[in-house]
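Peer 1: Work out the full structure, taking the sequences as your base and the hints as a guide.
Protein chains in written order, with this note's numbering: chain A, 651 to 1424; chain B, 342 to 627.
Hints in this document: simulated from the structure, not taken from any laboratory. On a predicted model such as this, the values are computed, not experimentally measured, just so you know. Every residue, glycine too, gets a C-beta built ideally from N, C-alpha and C. Please note that a few of the clues may not be correct.
Claimed, not checked - Short, incomplete list of chain A residues facing chain B, as computed with Cβ under 8 angstroms:
hint, residue
1, ARG668
2, GLN672
3, ASP760
4, GLU812
5, LEU1103
6, GLY1263
7, THR1264
8, MET1304
9, HIS1306
10, ASN1317
11, ASP1322
12, PRO1326
13, MET1329
14, ASP1330
15, SER1384
16, TRP1389
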Amino acid sequence: MRATGVGASIQRGGGYGRVTGQQQYVADIRLQDALQVKLVTLDCARARIIAIDTDAARQVPGVRLVVSAADLPQPVARFGPQFEDRPILAVGETKYHGEPVAAVAAETKDAAEEAARLVRIEYEELPAVFSLEAALDPAAPLVQDPALRPGDPLAGTNVLREHRVGWEEIEAARADLVVEHTYEFPMVTHFAIEPHAFMAAPDGDGIAVWSSIQHPNWLQKVLAKILGLPLSKIRVHAPDPGGGFGGKQHAKLEPLVALMALRAGQPVRLVLTLEETFQAVRRTAARVRVRTGFHRDGTFAFQDVAADYLLGAYADIADRVVSKGSYPACGPYRVPAARILARSVLSHTTPSTAFRGFGNPQVNWAVESNIDEGARALGIDPLELRLQNLARRGEAFIPFDTPADGQWEQTARRAARLIGWGTPLPPGRGRGIALGIKSGPTTGLSYSTVRLLADGSVIVYAGTSDMGQGARTIFAQIAAEELGAPLDWITVVMGDTAVVPYDQQTSASRSTVLMGNAVLRACREIQSQLRAMAARLHGMDASLIAVDRGVVRLPDRELSTLDVLKPGLGRLGGELIGNGEMRKDEEPGHPLGGSAAFFEFNCTAVEVEVDEGTGDVLLVRHVTVSDVGKAINPLQVRAQDEGAAIQGLGHTLMEHYIFDEAGRIRNLGAIDYRIPTSMDLPLELVSDAVENADGPGPYGAKGMSEGALLCVAPAVAAAVRDATGLVIRDLPLSPERVWRALRERDAAAAAVTGAVQPASVPVAAATGGAPSGR
Amino acid sequence: MHTFAYERPATLPEVVALLGRHGTDARLLAGGTDLIIRLRDGTLHPGVVIDLKRVAELCPAIREEDGRLAIGATTVMTDIAADPRVRRDFMALAEAAAVVGSVQIRNRATLGGNICNASPAADTAPPLLVYGAEVVAAGPGGSRRIPIADFFVRSGQTTLEPGELVTAIELPLPRRRMGAVHVRRSRRRGHDLASVTLCCGVDEAGWTRLAYGSVGPRPVLAVDESGMLADPDAPEAARAEILERLFTDASPSPRSMRASPAYRLAMLRTLGARALRTAIQRLAEE
Chain A
651 MRATGVGASI QRGGGYGRVT GQQQYVADIR LQDALQVKLV TLDCARARII
701 AIDTDAARQV PGVRLVVSAA DLPQPVARFG PQFEDRPILA VGETKYHGEP
751 VAAVAAETKD AAEEAARLVR IEYEELPAVF SLEAALDPAA PLVQDPALRP
801 GDPLAGTNVL REHRVGWEEI EAARADLVVE HTYEFPMVTH FAIEPHAFMA
851 APDGDGIAVW SSIQHPNWLQ KVLAKILGLP LSKIRVHAPD PGGGFGGKQH
901 AKLEPLVALM ALRAGQPVRL VLTLEETFQA VRRTAARVRV RTGFHRDGTF
951 AFQDVAADYL LGAYADIADR VVSKGSYPAC GPYRVPAARI LARSVLSHTT
1001 PSTAFRGFGN PQVNWAVESN IDEGARALGI DPLELRLQNL ARRGEAFIPF
1051 DTPADGQWEQ TARRAARLIG WGTPLPPGRG RGIALGIKSG PTTGLSYSTV
1101 RLLADGSVIV YAGTSDMGQG ARTIFAQIAA EELGAPLDWI TVVMGDTAVV
1151 PYDQQTSASR STVLMGNAVL RACREIQSQL RAMAARLHGM DASLIAVDRG
1201 VVRLPDRELS TLDVLKPGLG RLGGELIGNG EMRKDEEPGH PLGGSAAFFE
1251 FNCTAVEVEV DEGTGDVLLV RHVTVSDVGK AINPLQVRAQ DEGAAIQGLG
1301 HTLMEHYIFD EAGRIRNLGA IDYRIPTSMD LPLELVSDAV ENADGPGPYG
1351 AKGMSEGALL CVAPAVAAAV RDATGLVIRD LPLSPERVWR ALRERDAAAA
1401 AVTGAVQPAS VPVAAATGGA PSGR
Chain B
342 MHTFAYERPA TLPEVVALLG RHGTDARLLA GGTDLIIRLR DGTLHPGVVI
392 DLKRVAELCP AIREEDGRLA IGATTVMTDI AADPRVRRDF MALAEAAAVV
442 GSVQIRNRAT LGGNICNASP AADTAPPLLV YGAEVVAAGP GGSRRIPIAD
492 FFVRSGQTTL EPGELVTAIE LPLPRRRMGA VHVRRSRRRG HDLASVTLCC
542 GVDEAGWTRL AYGSVGPRPV LAVDESGMLA DPDAPEAARA EILERLFTDA
592 SPSPRSMRAS PAYRLAMLRT LGARALRTAI QRLAEE
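Peer 2: Rendered as structure tokens:
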């Protein structure tokens, strides 16, 4: 393979700029005369706003604008990717701690902050719900105004939607063993290193907006609707984000800054603090009850999953997180009968949104842990039990969806080999293994334009956001491969809706497959132009000429792209322009609106050491293997999975929001919300990939980089159990939680008059009752 | 950030005069790793910030004099952790200095700041207690020495008089051989605030000095002079009883979200027992 093309581990384009501070993030861009914006919030979650007095704030020198809902166009616009429920500023009532009630724009940040403190808000704190129990209480205050949900039978509850998927009758399924337990997944936040940042400026008869957004084209649509402007008058600049992880997918404060810029008649700028970011985005928490029916030989009889996801005060994209995340809850297995019920439950907390894994890690944690409990109860090796039930390539493991699209057993066996599965361990150590699956994009639309310039250099236009995942490098590698240009002669232009063609979104690990195919098709269109050009130059029929990966093949010789391009373009020069489109249409009637473009499949296997004195869980070795189809850039593939694995260790070992009685996040900010540092990495981290070129993307690639996060928690918990006998069904596995479980284990053992009691798995009879009414 | 006046005095008398003039409205700036955070989050809004970095008498230094190792108040953690004299005679202090904050923080954070902030979780406090340090304070009445055991009151509160500031921390050079170690508990291995910070020293006369923080309003020193604790051959039950007695002053706050009182108290015992073993071993290796 050539050193720069497909399959080469070249360093990420722009990587140097990222780590040396040269890259311009939104907060680095200076617009002349930009006003600084500060948000005004209340010190509680839910409150009725009685009066807002902005007089004192307006008196602060340098203050130019103070707005509350009353100052916005009426009725105050609401927006959201699924439900238009989020107002630009709180109207009459705040629904979560940190919801903006007013905003100040001033000449300096200090003046804006000073004025924000002086906005006097008279309010009455109202009863609120911050947990599943409280939100589901029949007497609970409603988070969403029922008037926003006309005709919805659930409008009188905090359940936003119920999602049901299943096949065959679980009641009819006979099982020798039924294992039923409930698992909890905490609220965690994305913690992107780049703060969320927004700017807007009047731009002729339209507006220009700068945002750290992942979906610039979607934002353009939202702003066009709110401002009543045609799409062509909304220019979204979306510089490469510094980490997004889903938290930057959808519009948040852009409508507010856009309206403020138009009102002020000059640019405005808002950069959130880390604390404000915690209040803006988080992952959906969940409680998942799993009932797995097993036959004595370890094969599955049925799966029954009931997942309650705790959303925030506005839906954002979180109800889709619930439906799509719970959909493959039964895992990559042959399950004869299945019933999945997932509910989106609103609460007076930070709105939850997309986050790497998109609702799957929550159910994966529960179901994989449950399977592990079943394997141990049956006395079957947890790896063997999984392999025994694992869908083989081509099997329709979800009956109405894309069949298994990989030789997944290779991935599982590779991970098992790399962790040394089955080899002896020293005392205090344990191993765990788990499988993860996630449905890829169900719909998609990406356009790309590629220009082959007169000197053979190339410009690729792609509306993907490169937030660190390396999409720029992948597209450049594809163009280099197809057009025969050196990699450093390729420029990839992204993040400007006035220049770059439409892309639906950067999410669901789609860009290599969907935008990658669009880039490939644009390059192929240029190849056919080259073919016609060569035919003209050499006076032969185009059917005799082939263009392949930068080489023009005539019947008697091979020419380079440039050999054809230079004489072909002639003295006036010019360029060749190719356009590519990749579309995955909706499928009416499909539970998710479309089948999976591909599946992300991962196997994670870990070895841990548990300190029984402190409860510390030390990752001695962490192996993550993903089925990626084809690694266009193996270095990036490995590194993406390393990042996902470490991010997964965050919610597995240490991350979670802590609330007080008023619904305020107590551990707001970096001091008391801990994410893994370089000191917290596994002593050894092995990231590997299986490549069978069996994906729908260019050269057989599949999407990847979420897979390695999916099943970190169940693998680690299984290893902790292997080391200690403890079964822990709550995350994170913090030292204190593990220590408490150890103490309970020892107390129980002491109670049995000195006999060491094995950690027992409560086993219920196979009754196949109705799902619990939670 | 609230606005404040900024003073950058050149001499110690000028600092004392400024403190006299502004009283509690003034805050001292050395490394700034505690102060700047609290200025930014608005929990402190002083009228004047007095920058100590240009004060001639306060230049960072570690000096050996009159049987003592004197560490200037503005000496940063990185330098303390790396200093060969500290590492030779006061290893547990070097260990504690090496786990305060992150690399960047340790390059700024000063020993004087760490003790004057008087956080119960200050990592340098337990070793200073074990080594019997003295705090040198300057004020309107001149200079005085305060035993470190009499210095801490509660979080943010010391026994410094109004108008006083710390100029140095002095450690008496050991007359008896001692093995000592600093250990701590935090929520992750990467930089974090301690939920228990502890130092144990065992000397050749058989005394055990145990100091711990983050389990009450101020760091605590407890001493066993019986020689039993330091003697691995003494009856296990008797040793356990003595060790337990050393922990009686621990009273962790139930309000903290970093660790529950039950966990802190249990970890105090786990860490105490482990540190005692290490200290005995280090003494034997001396």
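Peer 1: Are the hints correct? Go through all of them and say.
Peer 2: Results for each hint:
1. ARG668: violated, 19 angstroms
2. GLN672: violated, 21 angstroms
3. ASP760: holds, 6 angstroms
4. GLU812: With a closest approach of 34 angstroms, the GLU812 of chain A hint is violated.
5. LEU1103: Status violated, d = 45 angstroms.
6. GLY1263: Holds: closest Cβ of chain B sits about 4 angstroms from GLY1263 of chain A, inside 8 angstroms.
7. THR1264: THR1264 of chain A check passes; min Cβ-Cβ to chain B is 6 angstroms, inside 8 angstroms.
8. MET1304: holds, 6 angstroms
9. HIS1306: violated, 10 angstroms
10. ASN1317: holds, 6 angstroms
11. ASP1322: With a closest approach of 6 angstroms, the ASP1322 of chain A hint holds.
12. PRO1326: It holds, given that the least Cβ distance between PRO1326 of chain A and chain B is near 7 angstroms, below 8 angstroms.
13. MET1329: holds, 4 angstroms
14. ASP1330: holds, 5 angstroms
15. SER1384: It holds, given that the least Cβ distance between SER1384 of chain A and chain B is near 7 angstroms, below 8 angstroms.
16. TRP1389: Hint holds; TRP1389 of chain A Cβ to chain B Cβ min 6 angstroms, cut 8 angstroms.
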